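Enquirer: These protein sequence lines are chains W and A, in that order. Note that my numbering has the first sequence beginning at 1, numbered continuously upward. Note that my numbering has the second sequence beginning at 317, numbered continuously upward.
The set of hints was computed from the structure by calculation and includes no laboratory data. Where hints are given, some of them may not hold.
[Claimed, not checked] Derived pair list, reagent style DSSO-like, types lysine-lysine, alpha-carbon separation capped at 27 Å:
hint: 1; chain 1: A; residue 1: K428; chain 2: A; residue 2: K396
hint: 2; chain 1: A; residue 1: K428; chain 2: A; residue 2: K417
hint: 3; chain 1: A; residue 1: K514; chain 2: W; residue 2: K22
hint: 4; chain 1: A; residue 1: K366; chain 2: A; residue 2: K417
hint: 5; chain 1: A; residue 1: K428; chain 2: A; residue 2: K474
hint: 6; chain 1: A; residue 1: K366; chain 2: W; residue 2: K217
hint: 7; chain 1: W; residue 1: K22; chain 2: A; residue 2: K474
hint: 8; chain 1: A; residue 1: K474; chain 2: A; residue 2: K514
If you're wondering where the values come from, they're calculated on a predicted model, not measured in any experiment.
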Amino acid sequence: MNNSQPAAEAARLIWPITQQGKMIAQQFASRHEHPATAERVRQNTLAVWVVYEFLDTLGIAADLSTSDSWNPAIQLTEDVADLVISGMGRLECRPVSVTTEPCPMPLEVLTERIGYVAVALDETAGEASLLGFTAALPSAQLILEQLQPMDDFPTHLWQMQHAVEREMPLTRLSQWLGGQFESGWQTVDDLLAQHFLTPAFRQGRMSAAPVPIKRAKQLDLGLKLGTAQVALVLEVEPESEAVVTIGVRLYPLGGPVYLPEGLAIAILDESDTVCLTAQSRHADNYLQLYFRGHAGEPFTTQVTLETARIMEHFVI
Amino acid sequence: MRTVLRRSNPGLAMNNSPDELRRLAGEACRHCFDSPERQQYLTQLIRLVKPRLWYDSSPFYQDALQQTWIYLCQNLCDGKTARPYDPDVASVATWLNAYLKFRLLDFEQAAKVARARYVSTYSDDGRTTSVVETLPAKPEIPPILERVQEWLEQNASKFRQIYIANHPEINCYEMIFRRLPPATSWQALEDEFGVSYKTLESFYRRQCKSRLREFGQAEGHLDF
């Protein structure tokens, strides 16, 4: 091999363009009458498909069905080549031409992106070069020599996912007892008012005082759980001065009456050990866990659906 | 605990000697399945071993290669679908080439079978007709623009109720309509409505695009 190749040249990862990718690209393109739009859609689809197969081969979960690039209505209105990385967000898999560098980016891909991969399609050879990736585009264009090599991409994704989880703020339940609530936590009625009424919510506790303090949070967001939206409801009731009873529930939000099958909730202690778990079956309309804790004790709720995971950190 | 990997990457140089590839394979297998470290070494291995793989101009070559990469990731260390790689028996390239050539043969065989079926039906007068010609035609999928326009008109009165505060003229119907080809540029919309791009874009993204997205998702099923 020639060792004097420039680093960027050597770092490119060549990936096959498979028949299935070509068929999907052709089929998407055929729904657009304008030739320029059809060609744009075809190329975007190929670029997304190549990155999808690369990630899939490595075992990194991505979801085509919720990606805008797989959505014919968005293909029509926007120049998008996004791929939803489960539990994280949209990765732009931008087809680029090495000859027209730097590659300007359409306005619509400057928002809602967790990163950008530059994909050079070589349809004659039947393969694509993944030239590298970047987490951000400060100048609204892709500059190829500023890209990081694809070798580093898995670690980058992993670090990003964990940074997101570490940055999650701590919710202090002792403040709740004093009537103060962190932003994002609403009364159950307020949260409901933003969505369709779900009958499951009506199964509240009917017991008399002391009324437990109850707050709800919409779990962020369509991206993480695909289309499924759920509400996390926390109920806090002081048992004595030092001990509180905590109820944690998950409800479906918006359209569906049932929770998605396989949705799981776990309570983790300080050392991330799972203490309690519950998982939804075929037609569950809510999940709940009750436990007691002492003032000052930290715990974490972990909601998972397939590979998506949302953590919320609390201290009693 | 996981260790944070070095940013600068000595593996980027194009050293793809059999020994180096064996070393990378060993490194990959020191980390557990699905870990970012294993994924990084696999990516590096794929990048470096590729120039050493068998190549031909078969129309199925890229598909066979894709299957080879899956085979590599599944079986290098754990042997999930076949016996794991044994560095004492073969180099990484030899191990992968054997698999790649078998996949190419499979594809060729399948194509032969398909060709045989294609010419094996005869019409009454003895002329050959293809099976494909005798299949009923697929129903034509309408152009997406037509479908979006229909949907937008059906929901027009509902979408006109969703607008930027004090600007009923900047509503969901209008904004989606303007995004359809031929689209009005954001700059032109800014000038026309006297509202900043930021406000327009944010309103469009939160209130309008989400609805368009939902409609498109239902429209987007593929045929296979």
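Enquirer: Compare the structure with each hint and give your call.
Expert: Going down the list of hints, with the structure as the test:
no. : hint               : result
1   : A:K428 with A:K396 : violated (30 Å)
2   : A:K428 with A:K417 : holds (17 Å)
3   : A:K514 with W:K22  : violated (37 Å)
4   : A:K366 with A:K417 : holds (14 Å)
5   : A:K428 with A:K474 : violated (56 Å)
6   : A:K366 with W:K217 : violated (49 Å)
7   : W:K22 with A:K474  : violated (39 Å)
8   : A:K474 with A:K514 : holds (24 Å)
Violated hints for the displayed structure, listed by number in ascending order: 1, 3, 5, 6 and 7.
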